[in-house]
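Colleague: Note that the protein sequences, when read in sequence, are chains A and B. When you line the first sequence up against the working numbering, it's residues 169 to 499, in that order. When you line the second sequence up against the working numbering, it's residues 169 to 499, in that order.
No wet-lab data here; the hints were simulated from the structure. You may find that some hints are simply not true.
Pairs count within a copy or across copies, as identical chains cannot be separated in the list.
Cross-link-like lysine-lysine pairs, in silico, BS3-like; alpha carbons within 30 Å at most [what the hints assert, rightly or not]: (1) Lys349 - Lys367; (2) Lys472 - Lys384; (3) Lys384 - Lys399; (4) Lys384 - Lys406; (5) Lys282 - Lys472; (6) Lys270 - Lys282; (7) Lys367 - Lys206; (8) Lys399 - Lys282; (9) Lys268 - Lys282.
Number of protein chains: 2
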Amino acid sequence: MRRLAFLLATLAVTLPPAGGLSAQSADPLPSWNEGPTKQQIVSFVEAVTDADSPDFVPEAERIAVFDNDGTLWAEQPMYIQLAFAIDRLHTLAKEKPELKEKEPYRSILNGDLKSLAAGGEHAILEVLMATHADTTTDQFSAIVADWLETARHPKTDRPYTGMVYQPMLELLAYLRASGFKTFIVSGGGVAFMRVFSEKAYGIPPEQVIGSTIVTKFEMRASGPVLVRLPKIDFIDDKEGKPVGINRNIGRRPIAAFGNSDGDLQMLQWTTAGPGRRLGAIVHHTDAEREWAYDRDSHIGRLDKALDEGRNDGWTIIDMKQDWAQVFPPRN
Amino acid sequence: MRRLAFLLATLAVTLPPAGGLSAQSADPLPSWNEGPTKQQIVSFVEAVTDADSPDFVPEAERIAVFDNDGTLWAEQPMYIQLAFAIDRLHTLAKEKPELKEKEPYRSILNGDLKSLAAGGEHAILEVLMATHADTTTDQFSAIVADWLETARHPKTDRPYTGMVYQPMLELLAYLRASGFKTFIVSGGGVAFMRVFSEKAYGIPPEQVIGSTIVTKFEMRASGPVLVRLPKIDFIDDKEGKPVGINRNIGRRPIAAFGNSDGDLQMLQWTTAGPGRRLGAIVHHTDAEREWAYDRDSHIGRLDKALDEGRNDGWTIIDMKQDWAQVFPPRN
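Pulled out of the complex, with its shape left as it was, chain A reads as follows (with noise of 0.2 Å):
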């Protein structure tokens, strides 16, 4: 009888209660050092969840934005979609030698990036455009997936879907759990992400919004497609990201992560409706495990937001001290 009682109590503990672990019986984000960040975190999912509360959300409106780069997966020492384009610039030289004559190509494929960088946005735009058109929506999603197969990180030799932040998957699981719905916001390519933001993310396609160009719908003697045009349709970024979300969401999240000036205005509408409302940003400080950058930065840029933040109680997540670890396990 006492061994009965003892098998008892030792199942007790180890088996979770019936329904599966709930958030209570343990920890739904290991990877977050213990301290007021996890805490108010924990606290607003908490405080939206319980029915008793006066800051309870209904499932269906229980939608959290996240920005991308920066914010999911790391953007130093460039946007990983940048590094595609490079990568896709030298494969599509090969079929187009007239590239090779022409600038901002001609540098690029000379390695010098300084001469893209000095060339600012519109010199980007000419490479994104030249690197992102003229297939149709099948053909550019199967080069994406090749890419993301054989490419490495610079400074890890990692895949580069091996370079998301493994507090910020655990972030994303806690909140689905939690009856969120979790979407993709960022100014990135929509049809770039979309190739991985499933199985990197969780997030489904239909889930993710981004920056477009224009596609064009041809009926081909095979049959229906939509083709790419070197044209932009929307960029999702700044006062975009609200408008995005408007088009493709259709009411206000209740949470919204970024890690730049370019997060402001999806942190600033996120925060401004009623209720209890998160708004969170990823702060860069772990020079050793990640990178350190924010005011000065050229790539996620952190200056108004940073102080916006602060000043209007947003969660700001110090990677440094916040996080115990940056990256998921190497395979």
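Could you slot chain B onto chain A? The hints should help.
Modeller: Below, chain B alone, put in the same frame as chain A:
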């Protein structure tokens, strides 16, 4: 003992099996008459959801898209959104009497809709811009919600949300119970449809794709707003439908339902994908219970899509023959 056996037998027939009613144990489409149309739909759903079937489709890829006007709810004697626009014009004319002096507004305000029809798309667009813009997104939603509360259909005197098709409600629920995500893809305005889509169809705002006008983020003293500008952003009709699907969903649906030539490209795009597909057209053949119209109608013209549907083996839903009931019972 025989009484117990009898009781158990009774329970076995009357109680649903553990896990709830399955599609097999109760007819999920009671308002659909038995016949080839219903059979085609059910056979498609069973094939793509049966893990042992060669046609099996993983749940994440079970995307079904529905046109709205004439497919999910009535579009005669005029598009419901146009009825809203005209009512709104009367309200606005009280605030802005100058509208009464200007065509096409003057004629419409005098009850002359023929000039609107004669003015074609251009006149209709003008009326839509005048009645759908110059508010914030929140204000516009409230205006539509108020209107839906009080407006009544001119023929049936029902609230417009009572003009939804009962068989299509059952179909939407059946598909969702079978692991599908259901989307609206309509030429109608997305901001108009999202006000009622969840309540009327069980389709949340983020699964409604439609035409859009430009919205602009503005920081006001009261906080951030999105302002609706009188400028077309995107027309989600004809060739625009596959484009809108690609932009908002990012994968090709496996089932599409429409009722007019405006749905042709969406049906082509959906049915041209690999694996088993369902393309279906609601054919308005019931002058008694609803309306009968197709090739010669200005509203919901069904001509090319009917021919192509018949040639390509799409399911043609004959409203008169296939639907036991058209509208839900009156409350």
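Colleague: Please go over all the hints and tell whether each is borne out by the structure.
Modeller: Each hint tested on the structure:
1. Taking the shortest Cα distances, lysine 349 and lysine 367 sit within 30 Å of each other both inside one copy (16 Å) and across copies (19 Å).
2. When the C-alpha separation of lysine 472 and lysine 384 is checked against a cutoff of 30 Å, the pair qualifies only between copies, where the shortest distance is 20 Å, while the shortest distance within a copy is 38 Å.
3. Taking CA atoms no more than 30 Å apart as the test, lysine 384 paired with lysine 399 passes in both settings, with 11 Å inside one copy and 21 Å between copies.
4. Taking the closest pair of Cα atoms, lysine 384 and lysine 406 come within 30 Å of each other both inside a single copy (26 Å) and across two copies (12 Å).
5. Taking the shortest alpha-carbon separations for lysine 282 and lysine 472, only the intra-copy value of 26 Å comes in at or below 30 Å, while the best inter-copy value is 55 Å.
6. Taking the shortest alpha-carbon separations for lysine 270 and lysine 282, only the intra-copy value of 16 Å comes in at or below 30 Å, while the best inter-copy value is 57 Å.
7. For the homomeric pair lysine 367 and lysine 206, the shortest alpha-carbon distance inside one copy (25 Å) is at most 30 Å, but the shortest distance between copies (36 Å) is not.
8. Taking the shortest Cα distances, lysine 399 and lysine 282 sit within 30 Å of each other inside one copy (25 Å), while across copies they are farther apart (39 Å).
9. Taking identical chains as interchangeable, the C-alpha atoms of lysine 268 and lysine 282 lie at most 30 Å apart only when both belong to the same chain, with a minimum of 17 Å there against 61 Å between chains.
Every hint, counting from the list given before, is met by this structure.
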